[in-house]
Amino acid sequence: MTDNSEIITRMTGLLYPFILLFGFYIILNGHASPGGGFQGGAVLAAVFITRYLVDPNRCIRLRTLKTAEKILFVCIILYPTFFLFSATANHTELMNLIYLIAMNFLIGLKVCSGFTIIFFRFAFYEGGIL
Amino acid sequence: MKRRIITLIFAATLAALVLFVNFDAPLVAAPEIARFYLDHFNADTHTQNAVAAIYLNYRVFDSIFETLILLVSVSAVVNLSWRRSDD
Amino acid sequence: MTTNILLITLVVLAIIALNTKKLRRAVVYLGVFSLISSFLYLLYGAPDVAIAEAVIGTTITTVLYLVALKKYQIFTIYFCSDPNDPNRRNLTNNSPFLNSLESFLVKREMEPQIIYSEKPIKTILTQDKFDLAICQTDQKFWIYGSVDDYQLDALEDHLLTNHGDLNIHLIRYTEGDDNEA
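Chains as they are written, first to last, in the UniProt record's numbering: chain A, 1 to 130; chain U, 1 to 87; chain V, 1 to 181.
Just chain A, same shape as in the assembly (with noise of 0.2 Å):
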């Protein structure tokens, strides 16, 4: 992909900022109405797969990425032993609605971060010569 078409190019850079926010939206909206963490994790996964198309040379740091996808997975465990399975932890409507919320972005994070890995790896660690 050394040359670009300008169409492309300019299309999906005026895009951009309204995936991000329909992203963050499904995420945060999740526990309402239809979509979750997964869903927008994978719509937030797109935004930067759309970032390669635009800006074909531009890798990512992806060593951080892989950090925080581990913490986050270790937080995605944790939070529900803690409030699900312990029979001390009061279940109110507001702890409810706080442990929806969390968990969706919690999920999502993860899963934009996992699949961003994927990506930037197949297109920038593979295949040797480009």
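None of these hints come from the bench; they were simulated from the model. Here the structure is a predicted model, which is why all the values come from computation and not from measurement. Don't take each hint at face value.
Under the rule of at most 30 Å between Cα atoms (straight-line distance), these lysine-lysine pairs were calculated in the DSBU-like manner [what the hints assert, rightly or not]:
#1 V:K71 x V:K22
#2 V:K70 x V:K119
#3 U:K2 x V:K71
#4 V:K22 x V:K70
#5 A:K66 x V:K107
#6 V:K71 x V:K119
#7 V:K122 x V:K140
#8 V:K71 x V:K107
#9 V:K71 x V:K21
#10 V:K119 x V:K140
#11 V:K22 x U:K2
#12 A:K66 x V:K70
Each pair of labels, with its calculated beta carbon distance range [said to hold, decoys possible]:
#13 U:L38 x V:A14: 29 to 37 Å
#14 A:D55 x V:V106: 22 to 30 Å
#15 U:L80 x A:T64: 15 to 23 Å
#16 U:R59 x V:K21: 39 to 47 Å
#17 A:F122 x V:K107: 48 to 56 Å
#18 A:A87 x V:A14: 47 to 55 Å
#19 A:I8 x U:L80: 25 to 33 Å
Using N, Cα and C, we set each Cβ at its ideal position, and we do this for glycine too.
Using the hints provided, position chains U and V relative to the given structure of chain A.
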């Protein structure tokens, strides 16, 4: 040509078998479970969305292992690629 | 009624995607396939699955397949000739042999990348990563290619029919552990 005909016959018999087995299957597999979730999710979890209640409250392990699968596949992609070096 | 029409369209699109000659078109048909199936999920009352299918199947998978095709297409050719040979210049510049090789590769949807080198052929075979190595001595061409490369049979046919007078020797060697380079 012969292989093509054999493949075609195999695919046709497989399609006929699947259609024969599932011809009068109901659209919802177990209606009583679906009814239970739809009746009780609001009282149990205080949410408006039944899907969110199922995948974050009733079936949390589903979400956890789904993200675990993604983590394992990411590390497989990182370890099996040509260039081993990081960044 | 609408769902039945869409389901039939799905089957037709799947068969078309399997039967196209060019892989790039098959990728586009697969993108349309997942778009229609996501619309079907929406009609069946599953908007969550529809969003996931639309994003993953249509965007991420399509771009990933296109990048993979782009990666796969580059065909690296090492051309090495003896530096003491007096008539090597007129072959490296615009020779009909290399031009026909390039047009053959372009016809098969690959992008040739030719690297001229003056190293001896032994070091190239052991060290570098390539798809095809051509070595020219006097009027003989020695062409080295991997055994696993399935493009090599068609290449041999093409070369023997078009350049039978050029004294071409094609050598298939078993690839060592040069993937780790």
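Status of each hint after checking the structure:
no.	hint	in the structure
1	V:K71 x V:K22	holds (16 Å)
2	V:K70 x V:K119	holds (29 Å)
3	U:K2 x V:K71	violated (35 Å)
4	V:K22 x V:K70	holds (13 Å)
5	A:K66 x V:K107	violated (41 Å)
6	V:K71 x V:K119	holds (27 Å)
7	V:K122 x V:K140	holds (17 Å)
8	V:K71 x V:K107	holds (17 Å)
9	V:K71 x V:K21	holds (19 Å)
10	V:K119 x V:K140	holds (18 Å)
11	V:K22 x U:K2	holds (24 Å)
12	A:K66 x V:K70	holds (26 Å)
13	U:L38 x V:A14: 29 to 37 Å	holds (34 Å)
14	A:D55 x V:V106: 22 to 30 Å	holds (28 Å)
15	U:L80 x A:T64: 15 to 23 Å	holds (22 Å)
16	U:R59 x V:K21: 39 to 47 Å	holds (45 Å)
17	A:F122 x V:K107: 48 to 56 Å	violated (28 Å)
18	A:A87 x V:A14: 47 to 55 Å	holds (51 Å)
19	A:I8 x U:L80: 25 to 33 Å	holds (31 Å)
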